[in-house]
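Novice: Here are the chains, one letter per residue:
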Amino acid sequence: MPLMSLTGNYAVAHAVRLARVKVISAYPITPQTTIVEKLSAMVENGELDAKMVRVESEHSALATVFGAASAGARAFTATSSHGLLYMHEVVWWAAGSRIPLVMAVVTRAIGPPWNIHVDHQDIFDQRDTGWIIGIAQENQEVLDMTLQAFKLSEDPRVYLPVMVGLDGFILSHTRAPVDVPEQELVDEWLPPRRQPYVISPESNYVMGNIAPDEVHFLMRYSMHEAMEAAKTVIKEIDKEYGEVFGRSYGGLIECHNCDDADYIVVITGSWSGDAKVASDMLRENGYKVGVARIRYIRPWPKEELEELGSRAKGIIVFDRAISMGGYGPLYSDVAGTLYSNGGKTSLVGVIAGLAGVDVGAETFKETITSIIHKIEENGFFFEPRLWLLPKDYSSREKMLEVAKRWL
Amino acid sequence: MMIEIRFHGRGGQGAVTAANLLVDAAILEGKYAQAFPHFGAERRGAPVVAFARISDKPIQVHSQITNPDIVVVLDPKIFELVNVVEGLKNNGILVANSRDKPIEVNVKTYCVNATKIAKDLNLVISGWPVVNTTMLGALVKASEIVSLDSIIEAIKRSFSGKLGEANAEAARRAYMETREC
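One line per chain: the protein sequences are G and V, in this order.
Take 1 as the starting number for the first sequence in the working numbering and just add one per residue.
Take 1001 as the starting number for the second sequence in the working numbering and just add one per residue.
Hints are computed from structural coordinates only; laboratory data are not their basis.
Incorrect hints may appear among the rest.
Below, a list of computed lysine-lysine pairs in the BS3-like style, where the Cα atoms sit at most 27 Å apart [unchecked claim]:
hint	chain 1	residue 1	chain 2	residue 2
1	V	1089	G	391
2	G	239	V	1057
3	G	398	G	374
4	G	288	V	1057
Ranges between beta-carbon positions, derived for each pair [what the hints assert, rightly or not]:
hint	chain 1	residue 1	chain 2	residue 2	range
5	G	250	V	1001	26 to 32 Å
6	V	1099	G	389	42 to 48 Å
7	V	1089	G	323	38 to 44 Å
Away from chain G, derived, C-beta distances all over 12 Å, residues of chain V [as the list claims (entries may be wrong)]:
hint	residue
8	1031
9	1113
10	1163
Remember, predicted model here, so these are calculated numbers, not experimental data.
The beta-carbon is built from N, C-alpha and C at its ideal position, and this holds for glycine as well.
Produce the entire structure from the sequences given, and follow the hints as far as they go.
Specialist: Take a look at the structure:
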C-alpha cells in the first residue's frame, strides 16, 4: 500500500483516531488548529467515535480532558505557544494527579513581539511539570510517537501524562509520506485503557485534596521515580512497536554517525535532520561528527549522554530556546550530565533558529567546523553561549539598523 | 538525487495546493517528498511562494529552499514584482504561465497559456482563474519529474466528480500545449 501524503498535524490526527480516543477538547491556535479541525471532521464523518468538547480557552480544554481522563476515558488535546502558557496551571494539575493523558504541542515562538514560527521556548517552558516530553523529527515519527504516547502514559509503572512536540510549520504544515498502520494491528497492540482509580458517582476517590507537607514531598519523589521508570518503558515500547509496525527509533535518543565520533552534536526537533546532513558532509571532509538527537527531553537521557560524553572530545549543543540571562535549556541539562565526566570534554552551547530563523545544513556545517577548529587549536574549548544571530544581522550596528526600520 | 521546486503565484491561485498535489503524485510513485508553504503571512492577491522536494532517498533536511532546480510561475504579471529566478540553478528550468518567453534568462524556459486553459474549463473562483492544476501539467511536460498519470491520480484523489475531471483535463491540456520558449 502506498504511503499517505500527510502534514505533521494530520499525522497526529490519524494517531489519535487509531488510538480510539474517547474525549477531545481544544481551543484553536496557529499552527495547531488543523489537528483538531481534522479530528472534528473524523468525528463528524463517523471515522472516530469520540466526544468533541468545545471550550472557551486552553485552560478549560486541558481541564476538560483531565476530567474525562480522571473518569477513565482515553483523552487528547493539542495546543501551541500562548495556548500552552494559558493552560500551564492545569498542566501541573494533570501530572500531579498522575492522570494518563496525551497532548500534542506544535512548537512555536512566544510573543511579544508576535510570531507564529517554530522555536522550542513553549515546550521547554513545560519542562518541570512532570509530563513526559517527546519531540519528533519527521511526520512519520509524529504519528508513531503519538500512538506510543498513549501506551506509555497508561503504563502502571508510569501513569504520567505525555506531550508530543512537533515543530510548527516545519512539520505541522509540511506534507510528507507517512505509513498509517491498520486499525486491527493497532487494536491488538494498544488495548482499551484500564486504570485502577476512576472517578465516578460510586467511587470514593478524592483528587486534589490538601496534603501534609511530607505527603506532597513524597508525591514529587514518586513522580521522579515514575520518570526514571519511564526510561525503561519508552525503550520497551520502541522495541515492541518495531516488531509490530516495523519502525524503531532507539529510545530516548537517536544517534547518527555516533559510533566512532570525536564530536557529538546534541539537538532536538526537525532541524536535527539538517544537522545529520551536515554531519555526513563533515565526515567527507575528515571530521568525525555524530548527531545525538534527543527524542525525549523528559525523562532526560542522562545515561546515554554520559556514555557519549565519556568518549567524545567535544559536545556541541544546539538550542532553539534561551533562558535569558542563563543558558539554552538543552545545554544546561547536557552540562549537568557531563560533569560526571569531570569536565574533561570540550563543551559549546549554540543558541540559534529562534522564531523560525532558518538554519540549514550548510550553516550547521560552517558553525560546527569553526567550533572543532577552536577545540583542536586549544586542546579544550568551553563556551556556554554562542549566539548564532540571523545572517546579515550579526553585529550590534546591523541589528540596530533593522530595529530602527521597525520603529 | 533530490529535486527542489519553487512555485510563485498570488494568494488564491493555488500555489500551495500545486506543491501539495505534486508531492502527493510523487508519493503515489513511491518516491520521498516534502511540500511546504512559505512560512509568512499569506493573503489573497499578494505574491506567495510554495516549495516541494522530491527524492529517491528519505529527505532529512527541513530548511528553506534557496537554490531550486525548477521554478514554476502561476501568475503572468508577477515577473514585474518578484525576481522569480533568484537562486535558480544554472541548469535549472523555468515553467511559466505565459504566451511568450516572459523574461530574458539563461535557463531553459517553458511556456503555456494556463489562464486560457483554466478559463476554457471554467476553473474560476470569484473571478480568479485557478491555474495550479494546469501548471502541474506544464511542469510534468517540462521536467518529467513525475508522470502525468500520477498527477491526474493525485488530482482526482483531492477533488471528486466534475471538479476532479475538469482539473485533470486542465493538466492534460497543459501537457499537450506546453512548449519551450
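Novice: Decide, hint by hint, whether the structure agrees.
Specialist: Checked hints:
Proximity of residue 1089(V) to residue 391(G) is assessed by CA-CA distance (about 22 Å); at most 27 Å being required, the pair is judged to hold. Restraint check: the Cα-Cα separation between residue 239(G) and residue 1057(V) comes to about 24 Å, which is no more than 27 Å; the hinted pair holds. A distance of roughly 26 Å separates the Cα atoms of residue 398(G) and residue 374(G); the hinted pair therefore holds under the 27 Å criterion. A C-alpha spacing of about 23 Å is found between residue 288(G) and residue 1057(V), which places the hinted pair at or below 27 Å, so the restraint holds.
At roughly 28 Å, the beta-carbon separation of residue 250(G) and residue 1001(V) lies within the given 26 to 32 Å, and the hint holds. Checked against the hint of 42 to 48 Å, the pair residue 1099(V) and residue 389(G) passes, with Cβ atoms roughly 46 Å apart. In this structure, residue 1089(V) and residue 323(G) meet the distance hint of 38 to 44 Å, their C-beta atoms being roughly 41 Å apart. In this structure residue 1031(V) is not separated from chain G by more than 12 Å, as the shortest Cβ-Cβ distance comes to only about 8 Å.
With a least beta-carbon separation of about 29 Å from chain G, residue 1113(V) lies farther than 12 Å from that chain, consistent with its non-interface assignment. At the 12 Å boundary, the C-beta of residue 1163(V) stays outside the reach of chain G, the nearest C-beta of that chain being 19 Å off.
In the structure shown, a violation is registered for the earlier hint numbered 8 alone.
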